[in-house]
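**Q** For the record, the sequence lines run as chains A, B and C. Here the working numbering is used: position 22 in the first sequence is 22, and no number is missing along the way. Here the working numbering is used: position 93 in the second sequence is 93, and no number is missing along the way. Here the working numbering is used: position 133 in the third sequence is 133, and no number is missing along the way.
The set of hints was computed from the structure by calculation and includes no laboratory data. Any given hint could turn out to be false.
Here are the simulated DSS-like pairs of lysine-lysine, each with C-alpha atoms no more than 25 angstroms apart in a straight line [to be verified]:
{"#": "1", "chain 1": "C", "residue 1": "K107", "chain 2": "B", "residue 2": "K166"}
{"#": "2", "chain 1": "B", "residue 1": "K54", "chain 2": "B", "residue 2": "K190"}
{"#": "3", "chain 1": "C", "residue 1": "K142", "chain 2": "B", "residue 2": "K190"}
{"#": "4", "chain 1": "B", "residue 1": "K190", "chain 2": "C", "residue 2": "K107"}
{"#": "5", "chain 1": "C", "residue 1": "K57", "chain 2": "B", "residue 2": "K190"}
{"#": "6", "chain 1": "A", "residue 1": "K400", "chain 2": "A", "residue 2": "K429"}
All figures in this text were calculated on a predicted structure; none of them were measured in a lab.
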Amino acid sequence: MDQFRPLVLGSLVTVFAIAVSSFPSPPEAQAIPAYARKYKVNCTVCHTRPPRLNTFGERFLENGYQMPGTEDGGIVGKKQLGDLTLDDVTNYLAFRLRGNFLRNFNFARKSPGPDVPGNPEDRTDFGWPETFQLFTGGTLTTNVGFFVDVTHDLPAGNTDIARGYFSLNNLGFHNLAHLRIGKFDPSAYSSFPLLRQQLDFVRPDVNSGVLDRIPLASNAFAAKFFGLFERDGTPIAPFRASLFHSPNEVGIDVHGRPFGDWFLYQVGILNGANETFGDSNNPKDWYVMVRLDQAESDLFSANISGFAYFGNNNAKVALNNSDVSWSQYGVSATVRYKMVDLYGAYVIDRVTDLPQALASGFDTTASGVTVEADVLATDRLLLSIRYDHLDAGGFLAQRKSNSLLALQAKYYLRTNIALFIRDDFNLRKAEGGVSPARNFRNAFLVGADLIF
Amino acid sequence: MLLRFHFLTVILVIGGLLVSNVHAIQTEPTPEIIARGKILYDRSCIFCHGVQGKGDGPAAFFGASYWAPRASDFTVGQYKFRSTASGKSHTDEDLFRIITNGVPGYMPPFVGWPEEDRWHVVSYVKTLHSTNSRHNEKPLETFQIGTQNVPLTVESIEQGRQVYFKFECDACHGHNARGDVPDFEAQDLKDNLGMPIRPTDLDLTNPYSFKNGAAAHDIFGTLMTGLIGTPMPSYADAFAQHEDDAWHLVHYILSLSQGSGP
Amino acid sequence: MQKFPPMRLLSTAVIIVSSIMAFWVSPSFGDSVGSTIVGRVTFHGSIPPAQQLNVNKDHDICGLTVTVQPLIVDESTHGVRDVVINVEGIESPTVERDSGVEDLTNKGCAFIPRIGVVRVGQILNLRNEDPMLHNTHIRMGKRTFVNVAQVVDGRLIPRLVTEPGFMSVNCDKHRFMQGYLIAFDHPFFAITDATGQFRIEGLPPGRWKASIWHEILGTIQTEVTVPERGEVSVNVEYPTP
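Based on the provided sequences and hints, a complete structural model is requested.
**A** As structure tokens, this is what we get:
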């Protein structure tokens, strides 16, 4: 089979290329999802290409879904008068469907084998979509907004309110303070927000509770520790996005740019990592982020963010009843010039209050790096490359660091409808071993991402 | 003294009246007004238009990327969407109208700003014009849109269709008004910045193509003024003394996209 | 002050001013009209082959290709046609509205003249003598002087020239059509005729800078000394590349 793989992949690439090139030059995308509909503009006014935001889109988000510099309530034309009606629904609703048509995974060592846990097999399968997200959000009136993201995960078969929050904006004076309360992504305003990546998260393969394949995700944002548990005893996957870079934590936070466009602050308090409503007796986690911006002219912008997330009795270490505190510190940065969008993050995670008995066998510090470059080669073709490195922590016997390289070509039929072809390589496959982090060799994916 | 066209012997300054929700309330720009305009400009406009108004803001590339239109370069001091003759400067009302309504697809409307603030931004934007483009010390001639006397009828639409071909609108907009020009690439249509014009930009059946507005008086205005910086010329002289023909053509164009205006 | 575009700027050292000759004329002539320079611009080098440009539409009228030869040299005199001479730096009254009129005509899928010179304050009459639509699109850098549709049998379109500058003349419908229009805010300019001759009158005495521009031979600069009265001859030889 192995000798056929290049042939199979080659022909798939060819089919993809033919399919893409045979599309007639379609009419340009017009205003599609909710905010674009509301303001009668193309997606690219706010996005470099969805889901990445450009500088204008970042300020729109920060201003509570109002045009930067305004407190317009996101209400245009006749909606200045009267109540919101059913006519306005399309200005508040959007959905996103994404997933891979084809997934091909390869492993260094396959089962069955006495030394290989689980059941990793080279496999190719088809299917689409993998996630369906329904968004509703926007402004209810001047400086009052909300956002809800209901995500249905098709392979897992569950539906969650992935995010949902209420916002009050421009408290005090313009851009002094914007408040979010609810379930949100803390990193939304940083230089590298978790949920704004061109290379989508690829779920892990888990069979009968055993991890066959690691997920393909940004290592900088991962939990990074092997052997960490939530306070209720649920194991925390080392590759899951966590703490400041969690996709959804419950709490309250405030951000603003009180001194002008060059400086942004953010402070927040969360119930605690993975702690939902009602777990109020536990000490809270809190975080602070500052970001410096340069965004004036020459088709250029740059920004850098530094954050510290202070965990407070927010996790456990295996078989131990006392809580540990898991914190996160990091920097991220973005540079954009013309068609190039370069961004990266370096994040350190640290566990404190570790019981003395475990100290010798547990590495309390871990770090991760993610660097991505997106280049808009033509109006429709976005090329991306991402490097991920995880210097894992946790139990020395279990932990495995890994490094991944991912390449992607994304073809936008319209600015809101993209087909992509992607390959992820494990840069440390040569080191071998039965750990899922090493055993995984390569992933080849073809998929589509639709946002309406 | 500016040139006068014979057919426009009576000129009304109507720039601001192109759109009904635009009211002309202007005050002389004091330093305070300009300072206030700059604050708003720096918060909202620089992301596309750049801090000096060169159209080189950090988000300007992504709007249309490799195609027209890019964000306006205010230092040039000429605007596509005006009420004045081709090559002439704009009126303050022209700027106010675009800030208020935006440009479908590319610039959001800033109607959310109080009217006074929009005028402050107009005052500030004018300070970004290079000195040789500040022509508005003299009264400008604007096109009289006024009331049209040509009723919208089937006959008028048919006459407009004939005008469409007589004046060779199809040379760029295509036989079916969808930008369907044979060998479009050879046409090599570009704007003043060298950005290519797409067939979709010329599609008159899609109301989003009407970046100067899709209402009858907007289309009439576009025919008369042309769109500076693009290949679209002014037809004011062509329609001189036959303004009814312009209205017939407006009716034909409207008939191509009726009912789906932005 | 009109400046030519910086392309092909040759150093003043390479200009050959073959003769500068001033002679007094009878005082009864032109006490008040200043002096005159006359001369000829010549070129002895080889002439590059004419450009063949593809016609993108209206083949029945414009043909399949057009031939463009920007360098026209008179065989007997070696005089170069369509060279623009500009004597710079002379104070002259601003003219808001000159009585002069210049024509720019679309004819045979070409602009006539291909190289036009005009003074600020003059009227430029835009005409179309072809049996189809042209659009005359005149630009100065990023600024547009005019972009008007010229329909079949349309009337002439007069435009007042208000700014000096070097302008490109195009028709967006016919990309192969190209012309230039140079506007001056003073009267001390001329364009050479078919034998390369030019004449500029009414110059005040002094040493003045002169720019000499040709579409493909480029720009050269020199100085001319103008006497109190009379006529001075300035002959310019474009260097052979």
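**Q** Hint by hint, note whether the structure agrees.
**A** Hints, verified against the model:
1. C/K107 <-> B/K166: Distance of about 19 angstroms is within 25 angstroms: holds.
2. B/K54 <-> B/K190: 19 angstroms, holds
3. C/K142 <-> B/K190: Holds. C/K142 to B/K190 sits at ~13 angstroms (cutoff 25 angstroms).
4. B/K190 <-> C/K107: At roughly 23 angstroms apart (the allowed maximum being 25 angstroms), C/K107 and B/K190 satisfy the hint.
5. C/K57 <-> B/K190: 16 angstroms, holds
6. A/K400 <-> A/K429: 12 angstroms, holds
Of the numbered hints listed earlier, not one is contradicted by the structure.
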